[in-house]
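J.: Can you build the whole structure from these sequences, using the hints too?
Chain by chain, the residues run as shown.
There are 2 protein chains.
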Amino acid sequence: MREVAVIGIGMNRWGELWEKSHRQIWTEAALEAIKDAGVDRIDAMYVGCMSGGLFMGQEHLGALLAEQLGMGPIPGTRVESACASGGLAFRQAYLAVASGAHDLVLASGLEKMTDVDGGAATYALSTAADQEYECYQGITFPGLYAMMARVHMHRYGTTRRQLAEVAVKNHLHGSMNPLAQFPMKVTAEQVMESVLVADPLRILDCSPITDGAAAVVLAPVELARKITKGPIIRVAASAHATDTIALHDREDLAWIASTATAAAAAYKQAGIGPQDLSFCEVHDCFTIAEIMVIEALGLCDRGKGGLAAESGLTALGGKIPVNASGGLKSKGHPVGATGIAQVREAVVQLRGAAGDRQVKNARLGLTQNMGGTGASTVIHIFDRA
Amino acid sequence: MREVAVIGIGMNRWGELWEKSHRQIWTEAALEAIKDAGVDRIDAMYVGCMSGGLFMGQEHLGALLAEQLGMGPIPGTRVESACASGGLAFRQAYLAVASGAHDLVLASGLEKMTDVDGGAATYALSTAADQEYECYQGITFPGLYAMMARVHMHRYGTTRRQLAEVAVKNHLHGSMNPLAQFPMKVTAEQVMESVLVADPLRILDCSPITDGAAAVVLAPVELARKITKGPIIRVAASAHATDTIALHDREDLAWIASTATAAAAAYKQAGIGPQDLSFCEVHDCFTIAEIMVIEALGLCDRGKGGLAAESGLTALGGKIPVNASGGLKSKGHPVGATGIAQVREAVVQLRGAAGDRQVKNARLGLTQNMGGTGASTVIHIFDRA
Chain F
1 MREVAVIGIG MNRWGELWEK SHRQIWTEAA LEAIKDAGVD RIDAMYVGCM SGGLFMGQEH
61 LGALLAEQLG MGPIPGTRVE SACASGGLAF RQAYLAVASG AHDLVLASGL EKMTDVDGGA
121 ATYALSTAAD QEYECYQGIT FPGLYAMMAR VHMHRYGTTR RQLAEVAVKN HLHGSMNPLA
181 QFPMKVTAEQ VMESVLVADP LRILDCSPIT DGAAAVVLAP VELARKITKG PIIRVAASAH
241 ATDTIALHDR EDLAWIASTA TAAAAAYKQA GIGPQDLSFC EVHDCFTIAE IMVIEALGLC
301 DRGKGGLAAE SGLTALGGKI PVNASGGLKS KGHPVGATGI AQVREAVVQL RGAAGDRQVK
361 NARLGLTQNM GGTGASTVIH IFDRA
Chain E
1 MREVAVIGIG MNRWGELWEK SHRQIWTEAA LEAIKDAGVD RIDAMYVGCM SGGLFMGQEH
61 LGALLAEQLG MGPIPGTRVE SACASGGLAF RQAYLAVASG AHDLVLASGL EKMTDVDGGA
121 ATYALSTAAD QEYECYQGIT FPGLYAMMAR VHMHRYGTTR RQLAEVAVKN HLHGSMNPLA
181 QFPMKVTAEQ VMESVLVADP LRILDCSPIT DGAAAVVLAP VELARKITKG PIIRVAASAH
241 ATDTIALHDR EDLAWIASTA TAAAAAYKQA GIGPQDLSFC EVHDCFTIAE IMVIEALGLC
301 DRGKGGLAAE SGLTALGGKI PVNASGGLKS KGHPVGATGI AQVREAVVQL RGAAGDRQVK
361 NARLGLTQNM GGTGASTVIH IFDRA
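If you're matching them up, the sequences are chains F and E in order.
Letter 19 of the first sequence, counting from 1, is numbered 19 in my numbering, and no numbers are missing.
Letter 294 of the second sequence, counting from 1, is numbered 294 in my numbering, and no numbers are missing.
Everything labelled a hint here was simulated from the structure, so no lab data went into it.
All C-beta atoms in this analysis are idealised placements derived from N, C-alpha and C, irrespective of residue type, glycine included.
Fair warning: there could be bad hints in the mix.
[Stated by the list, open to error] Example chain E residues on the side facing chain F (calculated, C-beta under 8 Å, incomplete): (1) S21; (2) Q24; (3) M56; (4) G62; (5) L64; (6) A101; (7) D103; (8) Q131; (9) C135; (10) G138; (11) T140; (12) A375.
[What the hints assert, rightly or not] Under the rule of at most 20 Å between Cα atoms (straight-line distance), these lysine to any residue pairs were calculated in the SDA-like manner: (13) E:K319 with E:R302; (14) E:K20 with F:E132; (15) F:K268 with E:Y136; (16) F:K20 with E:Y136; (17) E:K20 with F:Y133; (18) E:K268 with F:Y133; (19) F:K20 with E:E132; (20) E:K268 with F:A101; (21) E:K20 with F:C135; (22) E:K20 with F:Y136.
T.: Structure (structure tokens):
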């Protein structure tokens, strides 16, 4: 397999983008990535999108967006794995370049979620869970993650304040990200007093509903060395793993097995361990998710994830900064685009171009993108070649 | 890139399968393919599905089906390109094996379309067209293909009877396929007198709404030689191309450019021309579609597709049999599964195991799977290694 680099990145400001169509949102990000890469063509493109059908009444986005970009008849492929759709689109693009099938490949993500009402958005998102065994009982995602939080609190003594500290940290980081949907800082008290969604999770524990897109351009490292003026950002590892889709089928409700499995494979491929990482971008769809994910990544001991944000371990300036971008919590969570935005942040950090939110001496970064309550996880590791 | 073979195939009888869930339908096909391959594990799986969200309220099928198969935590990826979802899932599986990332990969397709009413199914299918520029005007697929048919009839003199002859041929072929949804034979008169859907297309010009799944197992040719007792069926070419999603943006309404583009690439990769093919499985979602597709594949001259079925050129026993399986028309069209079922038929024919519908001296077969009105086309060519 050929070595692969990320040579261009693009993303627009995320939010409630009612005045723009999905075509426009996506094309802004894609053109920025192509311009940033310094190329005048791409050979193929992938787009991660969770539910074009339910959110926009539009499937077939691979062909539609290839045309919109003015690049038809290039191959355009949509990949879906719920909220991990972006990460998985990146992985398919990586395989396409690594295989030798294509040289310049655009990996992108898109979701336009705010053109439907809140109930319809909650229903669309629930299709990432098990429709026949979970959704038919009336359970949606805040409820599923609330149950995971309750188990974690009961077993490990994780506190309500520790959940809040994840939101405080990520909003602080997001306040330094000009593209974030909710860049305001919040206090732990504000989080703990915000509207209850599914006990113990409150509205400020939850990532928002967002319109947004992100895109990156991949190329073989050999070609990247000819094109790219700055540092070559290399894909050091790519891994994907699944778990039971329904929560009740898991051995342990307080452990994200798919993340642990994918992390082990990714660390092996990159020849590193979690202690070698400079930073991580992880899937904090709810505050409890970040706590459980950093345990599965081996950034802290099992059951100790609650202490991480509280102690400053995962803050900018801490031992292992997590979600310097603001994460899904502050940056926003257009589900299909999130995994690509994580890759974008990794590239920004490794280029040393993150401004106020720059991780010092960023050499090795990991992105973890997750679908459902962890039924799928996609992990990538990036370094400077 | 490594050479890739198809070593196992599986498919159940298609139809209105109200008594079975999508899990069961898919798993039957997948287990049959794995058993047929003679392996006891797979390393990764892909599933093509057009609109799990609109048809079943269930996205995230990669993870769900990997679990259902009892193969989690293997990577499970859903790929979508409207009615070309199955063909595109096969292509991603092919790239995963060719790249060296995985050895034994299951490529599958699934759609459960009959659990919603006819209006909801027509809406779900319309999301393969341009929602903002076509569907908002009230146009759905029979109308789009009817316009293409009108142009073809006007310009080339294609007749109403020639359209009907495509249905007659494919139902005759399908009558020899025990897995077909509608294996009854029809006459040209029956087609021409059937209920009008969108002038000039009548109900017997249209492929049906279907529940169904299909699956195949891919492996590197080198590994296949150790596992497989019978002939090695090799993937000689894989190509994917796009075109404008909206019909009104095409240069020529009576020409499927994405198929012509993908065919040129596939013929080049395989080092053959259309005259070398023993048979084709093509995307006859409407009778006019087969007529236009065989022109774009170069099986006959441009504008002469209408003569093909009428003259017997594309019948079993003719110069180039098209849709020996019965095609979408008779076999059924569970949209995400269709592209995989085409591959299955190619393997059955190349193994010489097609019984009454066997193409004589089948050495080289092509599958053409299409999304929308041809906004995307995926083509594969298979031979005996």
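J.: Against each hint, give a clear statement of whether it holds in the structure.
T.: Hints, verified against the model:
no. : hint               : in the structure
1   : S21                : holds (7 Å)
2   : Q24                : violated (11 Å)
3   : M56                : holds (7 Å)
4   : G62                : holds (5 Å)
5   : L64                : holds (5 Å)
6   : A101               : holds (6 Å)
7   : D103               : violated (13 Å)
8   : Q131               : holds (4 Å)
9   : C135               : holds (7 Å)
10  : G138               : violated (13 Å)
11  : T140               : violated (12 Å)
12  : A375               : holds (4 Å)
13  : E:K319 with E:R302 : holds (17 Å)
14  : E:K20 with F:E132  : holds (13 Å)
15  : F:K268 with E:Y136 : violated (50 Å)
16  : F:K20 with E:Y136  : holds (17 Å)
17  : E:K20 with F:Y133  : holds (15 Å)
18  : E:K268 with F:Y133 : violated (48 Å)
19  : F:K20 with E:E132  : holds (13 Å)
20  : E:K268 with F:A101 : holds (14 Å)
21  : E:K20 with F:C135  : holds (19 Å)
22  : E:K20 with F:Y136  : holds (17 Å)
In summary, the structure is inconsistent with hints 2, 7, 10, 11, 15 and 18 from the numbered list given earlier, while agreeing with the others.
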